[in-house]
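Engineer: Here the sequence shown stands for residues 1 to 234, numbered as in my numbering.
Heads up, some of the hints might be wrong.
[Stated by the list, open to error] Ranges of calculated distance between the beta carbons of each label pair, as one might list FRET restraints:
| hint | residue 1 | residue 2 | range |
| --- | --- | --- | --- |
| 1 | L20 | V169 | 24 to 32 Å |
| 2 | G212 | T44 | 48 to 56 Å |
| 3 | T44 | A172 | 35 to 43 Å |
| 4 | K5 | E54 | 17 to 25 Å |
| 5 | A211 | E54 | 54 to 62 Å |
| 6 | R14 | K94 | 45 to 53 Å |
| 7 | A33 | E79 | 55 to 63 Å |
| 8 | D215 | G32 | 25 to 33 Å |
| 9 | T77 | A33 | 24 to 32 Å |
| 10 | L36 | D61 | 52 to 60 Å |
| 11 | K145 | K64 | 43 to 51 Å |
| 12 | G103 | A173 | 28 to 36 Å |
Rather than coming from a laboratory, the hints here were simulated on the basis of the structure. By construction, the Cβ of each residue, glycine as well, lies at the ideal position given by its N, Cα and C atoms.
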Amino acid sequence: MAGQKIVWDATGERWYEYGLDHGVLYPQDASGAYPLGVAWNGLTAVTESPSGAEPTDLWADNIKYGSIRSAETFGGTIEAYQYPPEFSECDGSKEIRPGVYIGMQNRTPFGLSYRTMKGNDTAGEGDDGYLLHLVYGATASPSEKSRSTVNDSPEATTMSWEFDTDPVVVPAADGTTFKPTAHITIDSTTADATELAALEKILYGKDPTAAGANDGVAPRLPLPAELFTIFTEE
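All chains should be built: construct the whole structure from the sequences, respecting the hints.
Structural biologist: See below:
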């Protein structure tokens, strides 16, 4: 293949990411699956904060011999005006009577999916594509909630939760072995459209085709092994 000179800022190649929508919560069950998803209305921000992967230098013969990196972890912060009732147990609350909750209980792990928009210089806003984010094995930490009196400049209360994750197993594929992960991203501008639609039918569910029909799909979060069967290499 003949070489070519690099071209900067070519038309159609100036991409950027913005926005957040389609938040879905998936409480984890005792088997480690995420069998039922619910819409997270009022979701305003998800801050991704990976950590770890810090180098430890090795020295020998008075020179740097090499370095070892620590394991990487994934966590972040969720911000929202409200949360679905199913998140209460993820936040350490337990409903003991209708409308009566007690705090400081066990925290249910959960999964999360959300979209961030992609834009570039050749299409209208929101028409370019999106990144679909899947988060596994998350647990929320206790969070501070500030309440204040109504004044002449009222603002809706924004709640936030820091979360950590326990990664899930990623199966080997095509002779390649992968480390466990807690975060998977699918790019709608490059993924196969049919395969992406099949995944979104699982993530968001599907209404029955007619009243009384038994072909509706309940929303759930598939594990990486199932993702590999949806997205097949051509």
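Engineer: Take the hints in turn and mark each one as holding or not.
Structural biologist: Hints versus structure:
{"no.": "1", "hint": "L20 - V169: 24 to 32 Å", "verdict": "holds, 28 Å"}
{"no.": "2", "hint": "G212 - T44: 48 to 56 Å", "verdict": "violated, 39 Å"}
{"no.": "3", "hint": "T44 - A172: 35 to 43 Å", "verdict": "holds, 38 Å"}
{"no.": "4", "hint": "K5 - E54: 17 to 25 Å", "verdict": "violated, 38 Å"}
{"no.": "5", "hint": "A211 - E54: 54 to 62 Å", "verdict": "holds, 57 Å"}
{"no.": "6", "hint": "R14 - K94: 45 to 53 Å", "verdict": "holds, 50 Å"}
{"no.": "7", "hint": "A33 - E79: 55 to 63 Å", "verdict": "violated, 27 Å"}
{"no.": "8", "hint": "D215 - G32: 25 to 33 Å", "verdict": "holds, 27 Å"}
{"no.": "9", "hint": "T77 - A33: 24 to 32 Å", "verdict": "holds, 25 Å"}
{"no.": "10", "hint": "L36 - D61: 52 to 60 Å", "verdict": "holds, 59 Å"}
{"no.": "11", "hint": "K145 - K64: 43 to 51 Å", "verdict": "holds, 48 Å"}
{"no.": "12", "hint": "G103 - A173: 28 to 36 Å", "verdict": "violated, 43 Å"}
In terms of the numbered hints stated before, the structure departs from hints 2, 4, 7 and 12, listed from lowest to highest.
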